[in-house]
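2 protein chains.
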Amino acid sequence: MSGTSVEKMSESEIKSALEDLPKWNEVGGELQRTIQFDDFVASMVFVNRVADAAESDAHHPDILIRYNKVTLTLSTHDAGGITGKDFRLASTIDDMVG
Amino acid sequence: MSGTSVEKMSESEIKSALEDLPKWNEVGGELQRTIQFDDFVASMVFVNRVADAAESDAHHPDILIRYNKVTLTLSTHDAGGITGKDFRLASTIDDMVG
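Protein chains in written order, with this note's numbering: chain A, 3 to 100; chain B, 3 to 100.
Please keep in mind that the hints were generated in silico from the structure rather than gathered at the bench. From a predicted model like this one, the values you see are computed outputs, not experimental measurements. Possibly wrong hints are sitting among the right ones.
Copies of the same chain look alike in the list, so a pair counts if it works inside one copy or between any two.
As a list, the in silico SDA-like pairs of lysine to any residue whose alpha-carbon atoms are at most 20 angstroms apart [unchecked claim]:
(1) Lys-71 / Ala-53
(2) Lys-71 / Ala-60
(3) Lys-71 / Glu-32
(4) Lys-71 / Asp-59
(5) Lys-87 / Tyr-69
(6) Lys-71 / Asn-50
(7) Lys-71 / Ser-18
(8) Lys-71 / Asp-54
(9) Lys-71 / Ser-58
(10) Lys-87 / Arg-68
(11) Lys-87 / Phe-42
(12) Lys-87 / Gln-38
(13) Lys-17 / Asp-41
(14) Lys-25 / Lys-87
Given these sequences and hints, build the entire structure.
Below is the structure:
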């Protein structure tokens with residue numbers, strides 16, 4: 003094993019890391035946040051920013067767009083759970099929207 | 003009532019209309035189709051085309067992006083079910099991807 007951030011985090015590590023990202027929840031073994039915008043167009047602007055970040059990072063969230071609400075769900079399939087990569091992307095997303 | 007396509011369709015009307023759109027299914031009272039692409043970037047290109055069509059039509063599907071798979075879910079909230087607007091958007095989407 004490599005010791006890098008792609009190792010699956012333990013439940014206590016996740017709880018601790020979530021303290022720094024209070025807008026995210028652990029749902030079904032994944033990190034999830036729903037963000038509300040003014041309208042569909044604003045949702046799409048945000049989703050394209052997330053997509054660019056995801057592609058740059060080679061780490062892709064599930065993205066659900068429901069008009070003015072976007073739900074992002076993050077986990078690391080290769081690791082079978084939540085890793086440091088997910089928290090890094092979650093933090094990047096928080097920086098986009100506050 | 004207006005007699006336009008925003009009236010909720012009956013189950014038999016939906017079944018009949020689905021014969022012309024065999025790639026769509028009725029799931030939980032909504033029209034749904036999942037389309038697979040080569041990669042995440044191709045998914046996003048498609049999603050942006052759908053978003054443009056949705057915005058033009060003032061009728062917005064739920065859009066779920068899971069890397070190279072995009073699931074579209076259509077219903078007409080104002081009518082409380084599936085309407086001709088949903089089938090029209092489904093047909094437009096089919097024209098984009100075959």
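Violating hint indices (sorted, rising): 7, 12, 13
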